[in-house]
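Protein sequences, first through last, are from chains A and B.
When the letters of the first sequence are read in order and numbered with my numbering, they come out as residues 26 to 200.
When the letters of the second sequence are read in order and numbered with my numbering, they come out as residues 108 to 442.
Among these hints, one or two may not hold up.
Unchecked claim - Within a straight-line C-alpha distance of at most 30 Å, the following computed DSS-like cross-link-like pairs (lysine-lysine) qualify:
no.	chain 1	residue 1	chain 2	residue 2
1	B	111	A	41
2	B	227	A	35
3	B	169	B	159
4	B	140	A	41
5	A	35	B	391
6	A	36	B	111
7	B	409	B	384
8	A	91	A	67
9	B	436	B	282
10	A	35	B	409
11	B	282	A	36
Stated by the list, open to error - Looking from chain A toward chain B, a few residues come up when the C-beta cut is under 8 Å (computed):
no.	residue
12	27
13	33
14	36
15	37
16	38
17	44
18	45
19	48
20	152
Source of the hints: derived by calculation from the structure; they are not laboratory data.
What you are looking at is a predicted structure, and each value in this text was computed from that prediction instead of being measured.
Ideal placement from N, C-alpha and C gives every residue a C-beta, glycine not left out.
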Amino acid sequence: MRYSYINPRKKSVFTKEIQLLFTFFSVTLFMLFSTYAFLIFKDQRFMQEMSDIKMQKEENRANIVKMNSEIATIEKQLLLSEKIFTKNSVLRDSINNLFDLVPSRITLSEAKIMENALILHGITPNKDVYNFMLQAPLRSIFHRTYSSFYPAQNGWLRFVSTNYIDNEEGLSSEE
Amino acid sequence: MITKFLEALYTKVFINIIIGNLQTTIYVEVCSKKEVEQSVRKSFDTTVMNPKMYEFMQTYIKESPFFYISILDKSRHQGAIPTCAVSEMNRFCDINSSEYRCFSKDWAYYTSEYDLTATKLEYRNVGIDFIFSPFVILANFFKDKIDNTLSMFVLVEDNYLSFTVFENSRLLYAKYLDMDNHKDDDNLMIDSPAYDDLSFEMEGIDLEEVSLEDDSMVFDDFANIEELDEGDTIDEFSEEQEVKPIVVKDVDVSHDGFNEDYQRFSLIQSSLNTFYKDPKYDSKFIEIIYIADGVGVSPDLKNYLEEEMFLSVYIRKIDLAISLCDLAKAEANEI
Numbered sequence: 026m027r028y029s030y031i032n033p034r035k036k037s038v039f040t041k042e043i044q045l046l047f048t049f050f051s052v053t054l055f056m057l058f059s060t061y062a063f064l065i066f067k068d069q070r071f072m073q074e075m076s077d078i079k080m081q082k083e084e085n086r087a088n089i090v091k092m093n094s095e096i097a098t099i100e101k102q103l104l105l106s107e108k109i110f111t112k113n114s115v116l117r118d119s120i121n122n123l124f125d126l127v128p129s130r131i132t133l134s135e136a137k138i139m140e141n142a143l144i145l146h147g148i149t150p151n152k153d154v155y156n157f158m159l160q161a162p163l164r165s166i167f168h169r170t171y172s173s174f175y176p177a178q179n180g181w182l183r184f185v186s187t188n189y190i191d192n193e194e195g196l197s198s199e200e
Numbered sequence: 108m109i110t111k112f113l114e115a116l117y118t119k120v121f122i123n124i125i126i127g128n129l130q131t132t133i134y135v136e137v138c139s140k141k142e143v144e145q146s147v148r149k150s151f152d153t154t155v156m157n158p159k160m161y162e163f164m165q166t167y168i169k170e171s172p173f174f175y176i177s178i179l180d181k182s183r184h185q186g187a188i189p190t191c192a193v194s195e196m197n198r199f200c201d202i203n204s205s206e207y208r209c210f211s212k213d214w215a216y217y218t219s220e221y222d223l224t225a226t227k228l229e230y231r232n233v234g235i236d237f238i239f240s241p242f243v244i245l246a247n248f249f250k251d252k253i254d255n256t257l258s259m260f261v262l263v264e265d266n267y268l269s270f271t272v273f274e275n276s277r278l279l280y281a282k283y284l285d286m287d288n289h290k291d292d293d294n295l296m297i298d299s300p301a302y303d304d305l306s307f308e309m310e311g312i313d314l315e316e317v318s319l320e321d322d323s324m325v326f327d328d329f330a331n332i333e334e335l336d337e338g339d340t341i342d343e344f345s346e347e348q349e350v351k352p353i354v355v356k357d358v359d360v361s362h363d364g365f366n367e368d369y370q371r372f373s374l375i376q377s378s379l380n381t382f383y384k385d386p387k388y389d390s391k392f393i394e395i396i397y398i399a400d401g402v403g404v405s406p407d408l409k410n411y412l413e414e415e416m417f418l419s420v421y422i423r424k425i426d427l428a429i430s431l432c433d434l435a436k437a438e439a440n441e442i
């Protein structure tokens with residue numbers, strides 16, 4: 026039975042003070058959790074960055090190894106090229122010297138330069154010109170020199186001069 | 108469900124306000140689920156809300172979110188009517204400007220809407236949860252008698268009387284009586300034209316001209332006025348004059364009590380007369396009066412009622428604050 030003229034106000038455990046307290050705590054908790062979440066996110070990102078950097082470091086290391094090997098190859102190639110250049114220079118000089126050796130009266134038609142041999146084909150007016158003007162310097166250069174002649178149509182002599190340099194190591198081993 | 112559970116964890120605080128003639132009593136009960144943990148009563152020398160009262164109430168309000176503030180209605184325009192049908196209520200009061208509640212199918216109590224709003228406004232700082240009618244307190248207090256007798260039931264408060272007549276729990280008549288207003292009525296009577304005529308007539312009476320041969324019944328009591336001129340009587344007065352200061356003082360003290368109880372008696376008498384004479388009410392002859400004494404009436408009231416009205420008088424002490432608190436508890440438990 027309700028006897029009062031008025032209805033009582035609604036009573037709640039959540040009074041203004043408690044509401045304020047709850048708001049304060051919820052804001053604090055929210056800030057704590059958001060900070061925690063932010064830190065976790067940052068941590069994850071940092072870890073990810075760290076793993077990326079590690080991977081990059083490994084990649085760079087591999088690249089360095091590869092580049093080092095490439096540098097070594099290039100250095101080798103450089104050495105080889107220098108060697109070849111030197112050889113070629115020597116060869117050019119040799120050829121120049123060879124052509125300097127050939128007197129103007131003798132005409133070369135073919136020259137084969139090999140590692141330890143030189144084969145010359147040409148035309149000489151006579152054997153003496155050949156023997157004195159070409160064979161003599163060739164003999165001073167090569168260890169062994171063989172010459173063969175056959176007459177050309179105009180009365181000159183075609184010649185084939187085969188010159189060999191004996192391998193010194195082979196000679197020393199033979200000795 | 109959760110609310111009920113949480114409610115059980117907290118204590119309930121019932122703050123009950125009883126406004127007296129010159130002071131306000133606040134009775135506080137702090138109750139756990141089954142027992143009263145603490146009860147405090149404090150009186151303030153004011154009849155309106157003041158900072159001290161506010162502070163006192165706030166102390167207990169802060170103890171629990173489940174606090175209920177109750178007040179006993181002091182509206183002069185309140186009462187109870189022997190019907191609960193809205194169509195019949197207008198015969199007894201202006202129901203349009205009143206708030207009413209049916210106590211049972213047979214009777215209802217009402218009060219002024221304006222006064223309710225004024226009460227709520229006055230206590231807006233702390234808020235009011237329950238406003239109870241003194242008729243409800245009276246009906247609950249004398250429940251054992253109301254159910255099976257034809258009697259008058261009166262709740263005596265400071266300056267107020269709640270007067271009811273019940274016959275086997277059926278309300279026959281009820282009136283809320285304001286002693287101050289009654290005094291005012293008396294004062295007003297002095298200003299009324301009827302009283303002017305009366306005083307004019309009184310002024311026109313010359314005792315010298317009054318003779319014992321006059322047949323007027325009005326002056327029968329003054330038949331011995333001439334005896335006043337006799338020397339013995341005057342001597343007696345002159346003797347009394349000597350001790351007058353002390354005697355007058357004593358009379359003054361008793362005069363107030365006398366006045367209040369006599370006022371109460373006269374209010375009861377006039378209300379009973381109204382009940383007998385007003386055709387709106389189903390009047391019956393009353394022989395018994397039950398008085399719920401909330402202020403501590405003197406035995407004079409009982410004597411007046413017994414000797415003047417030949418009533419059987421039963422006086423029961425009531426603690427209004429506790430009764431109000433019990434009602435608030437019952438009400439709060441029903442929510």
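Restraint status (C-alpha distance of residue 409/B to residue 384/B at most 30 Å):
It holds: about 24 Å lies between the C-alpha atoms, which stays within 30 Å.
When the nearest CB of chain B is found for residue 33/A, is that gap smaller than 8 Å?
-> 4 Å, holds
Need the status of pair residue 282/B, residue 36/A: alpha-carbon distance at most 30 Å? 35 Å, violated
Quiz prompt | Restraint outcome when residue 44/A is required to lie within 8 Å of chain B by C-beta distance | solution = 11 Å, violated
Report task. With a cut-off of 30 Å on the C-alpha distance, tell me whether residue 36/A and residue 111/B pass. Result -> Measuring from Cα to Cα gives roughly 11 Å; hence the hint holds.
Given residue 37/A was flagged as interface, is its beta-carbon under 8 Å from a beta-carbon of chain B? 6 Å, holds
### Query
Taking 8 Å as the limit, does the beta-carbon of residue 152/A come near enough to a beta-carbon in chain B?
Nearest chain B Cβ about 134 Å off; hint violated.
Check your understanding: Under the criterion of a CB-CB separation shorter than 8 Å, is residue 38/A in contact with chain B as hinted?
Key -> 5 Å, holds
### Message
residue 436/B and residue 282/B were given as a pair; does the straight-line alpha-carbon distance stay at or below 30 Å?
### Response
27 Å, holds
Check your understanding: Hey, residue 227/B versus residue 35/A, does the alpha-carbon distance stay inside 30 Å?
Key -> 16 Å, holds
Proposed interface contact between residue 27/A and chain B, which counts if any beta carbon pair is under 8 Å: For residue 27/A, the interface hint holds, since the closest Cβ of chain B sits about 7 Å away, which is under 8 Å.
- Straight-line Cα separation of residue 140/B and residue 41/A no greater than 30 Å? Given pair residue 140/B, residue 41/A holds - Cα atoms ~24 Å apart, limit 30 Å.
This entry does not satisfy hints 5, 8, 10, 11, 17, 18, 19, 20, going by the numbered hints stated previously.
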